[in-house]
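Sequence order for the protein chains is A and C. Counting from 1, position 238 in the first sequence corresponds to residue 321 in this note's numbering; the numbering is continuous, with no gaps. Counting from 1, position 136 in the second sequence corresponds to residue 477 in this note's numbering; the numbering is continuous, with no gaps.
By construction, these hints were calculated from the structure, which means they are not laboratory data. Be careful, since some hints might not be right.
As the list claims (entries may be wrong) - Here are the computed lysine-lysine pairs in the DSBU-like style, where the Cα-Cα straight-line distance is at most 35 Å: (1) C:LYS402 / A:LYS254; (2) C:LYS345 / C:LYS430; (3) C:LYS407 / C:LYS430; (4) C:LYS430 / C:LYS402; (5) C:LYS402 / C:LYS345; (6) C:LYS487 / C:LYS345; (7) A:LYS282 / C:LYS487; (8) A:LYS282 / A:LYS222; (9) A:LYS222 / C:LYS407.
Stated by the list, open to error - Label pairs and their computed distance ranges (CB to CB): (10) C:ARG460 / A:LEU214: 50 to 56 Å; (11) C:ASP459 / A:ALA331: 44 to 50 Å; (12) A:GLY87 / C:GLU475: 53 to 59 Å.
What the hints assert, rightly or not - A few chain A residues that don't get close to chain C, going by computed Cβ distances all over 12 Å: (13) GLY95; (14) ILE96; (15) TRP98; (16) VAL124; (17) TYR141; (18) ASP174; (19) LEU206; (20) LEU290; (21) ASP292.
By construction, the Cβ of each residue, glycine as well, lies at the ideal position given by its N, Cα and C atoms.
What follows is the residue order along each chain.
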Amino acid sequence: MSLGAMLRCFYGILWRELLRFLHQYTRFVAALVRPLIWLFVFAAGFRSVLGVSIVPPYQTYILYDEYVIPGLVAMILLFNGMQGSLSMVYDRELGSMRVLLTSPMPRWFLLICKLLSSTLLSLAQVYVFLLIAWLYGIKLPPMGYLQVLPALLISGMMLGGLGLLLSSMIKQLENFAGVMNFIIFPMFFTSSALYPLWKVEEASPILRDICGFNPFTYAVELVRFALYGQFESMSALVVTACTIVFVAGAIIAYDPSKGIITRVRAGAPA
Amino acid sequence: MAAKESSAALSSMGVVFQQRAIDPDLTARQNLSYHAALHGLPGRVARARIAAELERTSLVKEADRKIRTLSGGESRRIEIARALLHNPKLLLCDEATVGLDVRSRANIMSDVRGLVRDRGVAVLWATHLIDEVEPDDFVIILHRGKVQRQGRAAEIAGTEGLNDAFRRVTEAAA
Chain A
84 MSLGAMLRCF YGILWRELLR FLHQYTRFVA ALVRPLIWLF VFAAGFRSVL
134 GVSIVPPYQT YILYDEYVIP GLVAMILLFN GMQGSLSMVY DRELGSMRVL
184 LTSPMPRWFL LICKLLSSTL LSLAQVYVFL LIAWLYGIKL PPMGYLQVLP
234 ALLISGMMLG GLGLLLSSMI KQLENFAGVM NFIIFPMFFT SSALYPLWKV
284 EEASPILRDI CGFNPFTYAV ELVRFALYGQ FESMSALVVT ACTIVFVAGA
334 IIAYDPSKGI ITRVRAGAPA
Chain C
342 MAAKESSAAL SSMGVVFQQR AIDPDLTARQ NLSYHAALHG LPGRVARARI
392 AAELERTSLV KEADRKIRTL SGGESRRIEI ARALLHNPKL LLCDEATVGL
442 DVRSRANIMS DVRGLVRDRG VAVLWATHLI DEVEPDDFVI ILHRGKVQRQ
492 GRAAEIAGTE GLNDAFRRVT EAAA
């Protein structure tokens with residue numbers, strides 16, 4: 084397959100994701116409402132309770148509203164990544180997945196196109212959220228809005244890769260509630276999205292250790308530092324490694340000769 | 342199968358699935374464009390082939406309607422048109438007429454036979470509906486994953502008719 088044909092294939096997948104996204108604009112609103120409620124209600128309430136001391140990347144005391152922004156940005160990426168998993172299960176039930184897999188393009192390429200497309204749509208939502216936050220009065224360093232782009236892309240790919248891997252294990256749409264309870268919420272709450280890790284450690288060293296094992300923590304920190312024009316190498320390393328593991332796992336899972344997808348289908352009720 | 346062989350096989354084959362496999366929220370044209378992109382067809386080529394297929398299937402007026410607003414027969418014809426966009430040598434149809442009314446079935450059969458006659462496309466037509474078979478068709482009777490008989494439909498049917506011949510062959514293999 085020529086490079087041109089592969090680019091056209093990527094464009095086609097991206098275009099379809101965009102069309103579906105536009106058709107389901109309520110999904111877009113819902114994806115924004117969630118972090119905005121956290122920002123306008125939760126963060127407003129906690130502003131007076133939680134003080135955030137001067138820890139990198141911050142060079143001065145900041146309000147809790149500002150602290151929580153990277154966590155909420157990562158929350159959008161997390162929910163969209165998992166939404167991608169739901170979309171894959173939906174595509175499988177609808178038959179669109181079969182159409183995708185009749186393409187002569189390599190299967191790994193198709194999965195990466197799908198992943199990249201949904202990540203790019205997530206980035207659009209992140210920037211709308213950052214714009215609303217800016218209008219609300221949370222103004223981050225202007226260059227940070229641009230410098231955070233690679234961090235958003237790799238974090239989105241990591242969380243989307245995880246969603247893709249999970250989608251290969253979910254038999255039916257109904258099982259998606261389990262993903263909410265056992266993946267999304269634990270990942271979000273056992274991270275530095277809502278509280279700094281030193282605060283978590285004060286409360287519970289064990290919980291701090293759990294947060295340290297959670298790849299989502301590193302995505303949040305990567306985004307946080309990038310928003311202030313700084314590069315956090317440990318977070319970048321963990322996020323990149325996890326992205327490779329999750330995406331490779333999904334590619335293997337979706338390979339009919341090796342993958343678990345075949346076993347899932349075989350075990351699924353008729 | 343090596344990746345290159347797999348890719349070549351998929352390039353030369355169009356598939357129509359037994360269960361509907363088309364996005365109901367996209368229009369017919371959008372579904373066709375998506376398939377063309379999956380095969381890496383350049384934009385101009387894709388647009389020309391989509392227009393030709395819509396013309397051939399007499400679905401030009403329905404091109405910009407969402408699939409969910411089309412009848413079962415119309416959406417099936419779009420699926421067949423879609424499977425032909427990349428000019429495959431082989432069209433694989435898995436029980437493509439299941440669940441359709443008599444008229445839609447007749448339209449699809451006539452459409453597919455026209456493809457064989459006019460474009461030289463080889464069609465592998467999996468079906469349980471024996472009335473869809475014509476005497477000159479090459480038939481393979483499969484039972485429990487094994488080939489039980491193959492040959493021209495007229496030869497297999499003999500004097501007893503294809504229905505009875507099919508029943509006899511499959512019962513003998515049971």
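task = Could you work out which earlier hints the structure fails to respect and list their numbers in ascending sequence?
result = When the structure is compared with the hints, numbers 1, 5, 7, 9, 12, 13, 14, 15 and 18 turn out to be violated.
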